[in-house]
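Take a look at the letters that make up each chain.
Protein chains: 2
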Amino acid sequence: MIKLYQFHPSGNCYKVRLLLHQLSLPFETREVDLAAGEARTAEFKAMNPIAKTPTVELSPGVFLAESNAILCYFGEGTPYVPTDRLERARMLQWMFFEQYSHEPYVAVARAWLSFFGIPPGKERELEERIQKGYAALDIMEGELSKRPFFAGGHYSLADIALYAYTHVAHEGRFDLGRYPAILDWCERVRAQPGHVRITDAVPSPR
Amino acid sequence: MIKLYQFHPSGNCYKVRLLLHQLSLPFETREVDLAAGEARTAEFKAMNPIAKTPTVELSPGVFLAESNAILCYFGEGTPYVPTDRLERARMLQWMFFEQYSHEPYVAVARAWLSFFGIPPGKERELEERIQKGYAALDIMEGELSKRPFFAGGHYSLADIALYAYTHVAHEGRFDLGRYPAILDWCERVRAQPGHVRITDAVPSPR
Numbered sequence: 000m001i002k003l004y005q006f007h008p009s010g011n012c013y014k015v016r017l018l019l020h021q022l023s024l025p026f027e028t029r030e031v032d033l034a035a036g037e038a039r040t041a042e043f044k045a046m047n048p049i050a051k052t053p054t055v056e057l058s059p060g061v062f063l064a065e066s067n068a069i070l071c072y073f074g075e076g077t078p079y080v081p082t083d084r085l086e087r088a089r090m091l092q093w094m095f096f097e098q099y100s101h102e103p104y105v106a107v108a109r110a111w112l113s114f115f116g117i118p119p120g121k122e123r124e125l126e127e128r129i130q131k132g133y134a135a136l137d138i139m140e141g142e143l144s145k146r147p148f149f150a151g152g153h154y155s156l157a158d159i160a161l162y163a164y165t166h167v168a169h170e171g172r173f174d175l176g177r178y179p180a181i182l183d184w185c186e187r188v189r190a191q192p193g194h195v196r197i198t199d200a201v202p203s204p205r
Numbered sequence: 000m001i002k003l004y005q006f007h008p009s010g011n012c013y014k015v016r017l018l019l020h021q022l023s024l025p026f027e028t029r030e031v032d033l034a035a036g037e038a039r040t041a042e043f044k045a046m047n048p049i050a051k052t053p054t055v056e057l058s059p060g061v062f063l064a065e066s067n068a069i070l071c072y073f074g075e076g077t078p079y080v081p082t083d084r085l086e087r088a089r090m091l092q093w094m095f096f097e098q099y100s101h102e103p104y105v106a107v108a109r110a111w112l113s114f115f116g117i118p119p120g121k122e123r124e125l126e127e128r129i130q131k132g133y134a135a136l137d138i139m140e141g142e143l144s145k146r147p148f149f150a151g152g153h154y155s156l157a158d159i160a161l162y163a164y165t166h167v168a169h170e171g172r173f174d175l176g177r178y179p180a181i182l183d184w185c186e187r188v189r190a191q192p193g194h195v196r197i198t199d200a201v202p203s204p205r
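Those sequence lines, one after another, are chains A and B.
Going by numbering that gives the first Met the number 0, the first residue of the first sequence is number 0, and it counts up by one from there.
Going by numbering that gives the first Met the number 0, the first residue of the second sequence is number 0, and it counts up by one from there.
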């Protein structure tokens with residue numbers, strides 16, 4: 000049984016749950032209390048030296064980290080990865096964009112405003128992060144005005160990666176009402192077979 | 000002929016030159032003046048909406064962005080990508096680590112200190128970035144104390160991605176003397192066939 004070490008409200012962890020559900024792969028979860036520093040213990044770092052969630056245990060003692068690498072591991076050879084070489088690279092382009100130009104702004108603003116509080120002295124940094132988050136959303140809006148999904152003409156891992164924090168961006172004070180193409184794309188993502196919501200509980204393994 | 004739109008001293012751009020050299024794929028370069036905002040022009044954004052270097056033009060009008068996605072495109076099916084599924088995901092794990100936990104600190108400190116200057120009011124942020132850069136180097140040191148390369152037991156795209164900014168980290172005020180395993184790994188990377196240095200000029204296409 001696949002074990003997902005996670006913080007349930009995290010978009011990075013949600014990505015993994017969403018794909019595993021869509022692939023009908025059974026898994027169980029272990030909650031990691033990030034606020035209590037549970038990802039920074041020696042025990043956790045022995046599983047994942049990068050000390051972050053999600054971390055998956057594929058088989059006893061075999062761990063994989065980084066949400067988008069986990070998506071690639073499970074997605075390989077499935078309809079969620081384009082068969083064309085360039086489109087496969089295009090999917091990765093948007094997944095690296097997500098981690099470099101989107102997550103540090105959209106997700107961190109949400110984490111501070113909705114879960115952990117703004118760290119002392121970081122009020123101005125929050126404003127900068129919101130500004131850069133809007134820049135990422137602007138880029139997404141431009142793309143989604145031209146195509147229905149980010150790579151290969153259909154729903155792929157790139158859409159899972161970008162949907163995770165985009166659809167809850169309002170929890171980081173972003174106004175998605177400015178972005179009609181993003182809102183339409185969110186509907187298309189939610190209409191995919193096997194979709195689950197970020198707040199959905201993980202069913203107990205049967 | 001592959002065209003690489005680049006800022007030569009950028010580690011992200013160097014990654015692409017290094018792999019293309021090692022694969023004996025001929026290419027030509029166009030320098031993008033980042034300080035003059037050339038990556039933010041409408042002309043450049045039409046090629047790459049993310050507005051960053053490197054951007055490659057694979058064939059006339061066909062562009063690919065994000066350094067690590069470009070590595071995956073050219074590396075696929077070559078000895079620089081492990082054949083084992085888990086090791087391939089492990090390679091991606093370290094490439095996403097590079098973009099999320101290493102580049103924003105090690106590369107940005109170097110960019111500010113060696114190329115563009117510290118932006119006004121960012122002195123304290125620089126210190127934070129150096130601290131987080133050391134955290135990334137600590138994680139690398141831990142891994143490289145246990146294995147010669149990051150994935151699959153041999154040199155892969157993950158090593159190219161992490162070498163690019165690590166080996167010039169001193170230009171961002173990082174003291175690599177603290178990291179014997181990283182220094183040994185840098186020697187192993189430099190010993191790979193077809194290695195070129197970040198300062199090496201691109202030969203004119205024949």
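Hints should not be assumed to be uniformly reliable.
Identical chains blur together in the list; that is why a pair holds if it fits in one copy or across any two.
Calculated cross-link-like contacts (lysine-lysine; reagent style DSBU-like; alpha-carbon spacing at most 35 Å) [as the list claims (entries may be wrong)]:
hint, residue 1, residue 2
1, 2, 131
2, 44, 121
3, 131, 44
4, 121, 131
Keep in mind the hints are simulated off the structure, nothing from the lab.
Against the structure, the hints:
1. 2 x 131: For residue 2 and residue 131, the Cα distance is within 35 Å both inside one copy (34 Å) and across copies (29 Å).
2. 44 x 121: Result: close both inside a copy and across copies, 27 Å intra and 31 Å inter.
3. 131 x 44: both (31 Å within a copy, 17 Å between copies)
4. 121 x 131: both (15 Å within a copy, 16 Å between copies)
Consistency with the previously given hints is maintained throughout, with no hint failing.
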